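Visitor: Using the hints, position chain W against chain P.
Chains as they are written, first to last, in this note's numbering: chain P, 1 to 146; chain W, 1001 to 1385.
Bear in mind the hints are in silico, worked out from the structure with no lab data behind them.
Incorrect hints may have been included.
To be verified - Incomplete in silico selection of chain P near chain W, CB under 10 Å:
(1) S41
(2) K44
(3) R48
(4) S72
(5) R76
(6) A89
(7) E90
(8) A99
Claimed, not checked - Straight line, CA to CA, 20 Å or less: simulated SDA-like cross-link-like pairs of lysine to any residue:
(9) W:K1123 to P:R103
(10) P:K132 to P:P66
(11) W:K1304 to P:S87
(12) W:K1304 to P:S72
(13) P:K44 to W:D1182
(14) W:K1123 to W:L1032
(15) W:K1304 to P:A84
(16) P:K114 to P:S133
(17) W:K1353 to W:Y1381
(18) P:K132 to P:E105
(19) P:K132 to P:V142
(20) W:K1123 to W:D1182
(21) P:K132 to P:F143
(22) W:K1123 to P:P59
(23) P:K82 to W:E1232
(24) W:K1304 to P:L86
(25) P:K44 to W:S1271
(26) W:K1123 to P:T65
(27) W:K1123 to P:T123
(28) P:K82 to W:W1273
Claimed, not checked - Over 10 Å on every C-beta distance to chain P, these chain W residues come out as not near it, computed from the model:
(29) F1034
(30) Y1095
(31) L1175
(32) D1198
(33) L1251
(34) E1326
Nothing here was measured: the structure is a model prediction, and the numbers come from that model.
No residue lacks a Cβ here, since even glycine has one placed at the ideal position from N, Cα and C.
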Amino acid sequence: MPIQYIKIFCVLLYCAGSLAAQTASAGELLVVVGNNSAVGSLDKTQVRNIFLGRVSSFPGGQTATPVDQPESSPLRDEFYVKVANLSAAEVKARWAQLAFTGRGEPPRVADNSKEIKKILNATPGAIGYIKKSDIDDSVKIVFVVE
Amino acid sequence: MHSGNKKFLALLVVGALGLTAPSIRAEEQDGLSFRGSGFLTLAAGAVLNNGPAQNASGYHCPCFISDYGEAGVYEKGGLHWRPDSKLGLQGSALYGRYSVTTQVVWRGVDSVFDMEWLYGDIKLNNNLTLQAGRKRLPLFYYSESQDVGFAIPWAHLPPQLYGWEIINYNGANLLYKDQWGDWSSGMNVFGGNENLKDSPYWKLYNGKNSRTDSHWSNIAGAYFTLGNEWLEGRLLYVQSDIQNTILAPVLQASPTTRQKIYGASFNIDYSQWVVRSEFLYINRKESYGGDHAELLGAGYRLGKWLPMATYARYRQSVTLDQTMAEAHDGISLLLRYDLTTSSDVKVQFDHWKNRAQAPFFAATPATANPVGQANLLTLSYDMVF
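Bound conformation, chain P alone:
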């Protein structure tokens, strides 16, 4: 292979390293369901599989309907990095792989945490993630994201 192409690639690699984005921390995140949901506590694997479309239901058998924060929200990136070790863009790429091949529908996207709480109480099986400071009586915590 011509040496000059390897040199160009190495320069681009160096630039990539210099400009690599840092993931911002946005505080403690909690995975929640509606207050009337029969879903108990979940583990990290179960949460990851639900939000990546690898399973369609909760351990008890009820159909799961994951709800995402908006694409612009730093909570979304933080959630997927901590739960699946993937950036929001990588998660979107995986969903594109499923959604354009008939193997799944991506999570519904809410405008904000307030709307997520509204959806959780109106949709059976809905599950979302919000900041600890947004918790109130309308939701039940099923997993603490660490």
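Guide: Same frame as chain P, but now just chain W:
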């Protein structure tokens, strides 16, 4: 303005509109809901090295085959945008457990909309889904999503592996997914037929102006996947009958023979490391022999950047005369940057090294300068909307 440039501008407009659109549109009425989505890839590439003018199939070489199934070829001379540029639009109607989905794809390589997917879908329960209609044949890990540039790591899939004449089939399949302890599992069992008129793939071998019909019948296969947080494995087996008929320039029909396809892939996403590997063996002993192909790629994520290097290899076995076997290697260096959570740009350098003993795609039998000796630089923009 040249009609090709007009279409390219139209794609840019669609791309700009898509950037401002919500990712998924959904309308619901009386339990019936409709969803629309799409994907776009704008790619331009140039062959960097020099060589002979034209090979026996009519392509200006050195040239790089980026898409065997659609005969997408970067030819020598200037910048080319057609081989990898595409626009896909998908629409679904959903009613309870039932849905109907169609996907049309416009490709720069032929400038027409093709209906790639049209299938009905019944969710039998939370683990099983039955589908029937026209779908992609899932021969490889990325086969079904090969048109969606944003969903694949590379600017184009390694052609040493992703290089077959049939990419769709008409039939039915049963999808399964579940969680087994810390592992997620999936299975797809499928069967059907495909009759492809005027195969683009065979123009690469039989000439730009040739016409070949390809038939894969009695397709039956399955793949099984198992994954955890950082590892995913996939095993595949497919068998079918295969028959090709050359209609032009000279009528020539091959007998129907049996083929058996074995595939395996192992993917790792551990910490910042990304590893993609795939292995293929096709038993075509009833016709010419067989095919072996492998790829191994490794990258390291740096925030929104992904530099990745990939090696791919193809070897053909020809029972009667091994000196006529096709053989080539590919090395690619990729740099991907995620612009947003729905779009990326990629720069990719490919080197294709011919390893065949006999001249393959030679300008004349006497000049052994194959299509494979090519260096290609590609710049692409991908998005989903």
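Visitor: Quickly compare the C-alpha distance for K1123 (chain W) and T123 (chain P) to 20 Å and report which way the hint goes.
Guide: holds, 19 Å
Visitor: With a cut-off of 10 Å on the beta carbons, see whether K44 (chain P) makes it to chain W.
Guide: Hint holds; K44 (chain P) Cβ to chain W Cβ min 8 Å, cut 10 Å.
Visitor: With 10 Å as the threshold, tell me whether L1251 (chain W) passes as away from chain P on beta-carbon distances.
Guide: Consistent with the label, L1251 (chain W) stays out of reach of chain P, its closest Cβ about 37 Å off (over 10 Å).
Visitor: Hint A89 (chain P) vs chain W: min CB-CB distance below 10 Å?
Guide: holds, 4 Å
Visitor: Sort out whether A84 (chain P) lies within 20 Å of K1304 (chain W), counting only the CA atoms.
Guide: holds, 16 Å
Visitor: Holds or violated: is there a CB of chain W closer than 10 Å to the CB of S41 (chain P)?
Guide: violated, 16 Å
Visitor: Quick one, are K1123 (chain W) and T65 (chain P) close enough, alpha carbons at most 20 Å?
Guide: holds, 15 Å
Visitor: Is the nearest Cβ of chain P still more than 10 Å from the Cβ of D1198 (chain W)?
Guide: Holds, since 25 Å exceeds 10 Å.
Visitor: Taken at face value, is the distance from the CA of V142 (chain P) to the CA of K132 (chain P) at most 20 Å?
Guide: Distance ~13 Å between K132 (chain P) and V142 (chain P) Cα, so the pair holds.
Visitor: For a C-alpha distance cap of 20 Å, please report whether K114 (chain P) and S133 (chain P) respect it.
Guide: With a Cα-Cα distance of about 12 Å, the restraint between K114 (chain P) and S133 (chain P) holds, given a limit of 20 Å.
Visitor: Below or equal to 20 Å on CA atoms is what counts here, so check K1123 (chain W) against R103 (chain P).
Guide: holds, 11 Å
Visitor: If you draw a straight line from the CA of K1123 (chain W) to the CA of L1032 (chain W), is it 20 Å or shorter?
Guide: It holds: about 15 Å lies between the C-alpha atoms, which stays within 20 Å.
Comparing the model with each numbered hint stated earlier shows that hints 1, 17, 18, 20, 31 do not hold.
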